[in-house]
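K.L.:
Next come the chains, spelled out residue by residue.
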Amino acid sequence: MSRRITAPLKILVIDENPIRAAILHEGLREAGQPDVTIVDETTGLVNKIFSLDPDVIIIDLENPSRDVLEQMFQMSRLIKRPIAMFVDKADGHSIEASVQAGVSAYIVDGLKKERVLPILELTVSRFNAFARLQTELDEAKTALENRKLVDRAKGILMNARRISEDEAYELIRKAAMNQNKRVADIARSIVSAADLLG
Amino acid sequence: MTRKRGNGSGVLAEIHAGYIPLVDCAALVAARELGFDRRHGIDLRLHREVSWANIRDKVNVGVLDCAHMLAPMPIASSLGIGHVREPVIAPMALGLNGNAITVSRSLFTHMADIDGENARAGGMAAASALAKVVAERRKKGAEPLTLGMVYPFSCHNYELRYWLAAAGIDPDVDLRLVVIPPPLMAASLRAGQIHGFCVGEPWNSLAVEQGIGRIVATKTELWRNSPEKVLGMRLSWAEANPDRLTALIGALVDAARWLDEAGNRDEAAAILAREAYLGLPQPILMRSLSGQVVISPGAEPRRDDEFLVFYRHHATIPRYDHAVWLLSQMIRWGQTAGDFNIAELARRVFREDLYARVVSPDGERPREVQSAVTADGKPRNFFGGESFDPDKVIDYIKKFDIRSPHLDLRALERANS
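Going line by line, the protein sequences match chains B and V.
Okay, so the first sequence: first residue is 1 according to my numbering, each after it adds one.
Okay, so the second sequence: first residue is 1 according to my numbering, each after it adds one.
Pair by pair, the computed Cβ-Cβ distance ranges are:
#1 V/Asp243 x B/Asp40: 43 to 53 Å
#2 B/Thr43 x V/Asp243: 41 to 51 Å
#3 V/Ala142 x B/Asn47: 12 to 22 Å
#4 V/Glu239 x B/Gly102: 27 to 37 Å
Hints were generated in silico from the structure; no laboratory data involved.
We treat Cβ as the ideally placed atom computed from N, Cα and C, and that holds for glycine.
Chain B with its partners taken away, still in its complex shape (with noise of 0.2 Å):
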């Protein structure tokens, strides 16, 4: 999303991930948001927020100290610019999607909500991005770990039956559909059947 929001606000992310945190901050940078203070460590958290008086918070769900921030709301009376979550049940939609993308906002009570709705929905979106790179990553991992598996099982074949290496992938495939299971499985039960074998 690259439309641009009008008016600067002074946003406070709260991510113990850099590289998600490094993604966002670009993304709100884009967007015409350019005062963007990242803080990844929560110890001494209200003090932060006092000092920097944010407009917007965002903090990822998997971080403990939303409980701080909520504790914030109920002593609202004794900050100069209280915060305040979504409290407008038309907001649903935000708040789940938030949900479901992992993270969460705090906006300055009395702030109107479609100037931080677009920040939010920036902030899922970039999210829901990081998360998909994050798969992305895991995947390609588990496929280079497996590829290195069924070769290290086919070189154990070969050697074990005299055998060429395609034919050796064929036992290997013939074994996965008989059992039902993954090529990668048993490619797996070689090598370790191997090592206790010697």
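With chain B fixed as given, assemble chain V onto it according to the hints.
P.N.:
This is chain V only, laid out in the frame that chain B set:
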């Protein structure tokens, strides 16, 4: 998320439940691990969460069907305090007791120096020693003490405040109460960022074990057999899934009964100690589970059979009088204006009727008045010998000297006449 109904084909209905990794999530964990869920035709999927706010939000948007909740949370959601209003109910309680108030070793030393008898007596008396420390610090112009608790809508918050106020300490004026996530409490204590906290187990025992804290009051000393956690869910889920709800309550009651049967606590501790659940040492978890509590580093364990109760003493009933008491404290401290009918709201949120449909009463019903002595003759310890009658809750609120300056007694009386 797939939803399978039990339809006789052997496929179990899934129920997704959130929990926070505390010892008192045991009923949910036991229901799953001991197979009580399957026996009742459901497949209970547990989801570990890191904050109460997450639990609240995930239940609200339907990512979770139900959850381990702090007893005041369904009330706060139903009132729309701090977040969107969503009718959330408690058709069952998940146990009683389990919390404690722990202070740093240096604070305890100060308390003991200034008033050794009260400091060492623990319970309500310990707050008197703390009051003297507060007074002395004020005279010297020292920073106010800071105490941690887990969430604004928690029994920890209300118990801590009650304990302080009974000794003449105003929690909002004479010291600071802050929220600290339980896993960070011991570190905050060690770093001197806080001077004490009120939290559930195993966090008190861990602080003692690490040599940095001393337990000065247990929840059983403040109010024996008091509410702590409930099973919370949206009213809409309960209404749309009556069969699943029946099965869920059945499974959890079986689990709670199992937990309170002699000899099962060891196995419970072993299961909770696993990485998938609390990932903390079994001996530490056993302290609260076995009622052998070590209150200061190196001390002999003290026996407290009620330290953590799951089924005995009507612990699974979502009691009306407990809901009224919680509301009285929420109003007392200005979390809500109280301009609504307390009795009606309490019955709407704590659904004893839904529980009673599933579980027929085991003998006598609990008496609804918190009197000085319980049915089995033991002292109730209701905050040092006070009593509480839910039918006289307005009078009860009126008698507090220390309370929020924003408390509107007239609005309260108008709505509750």
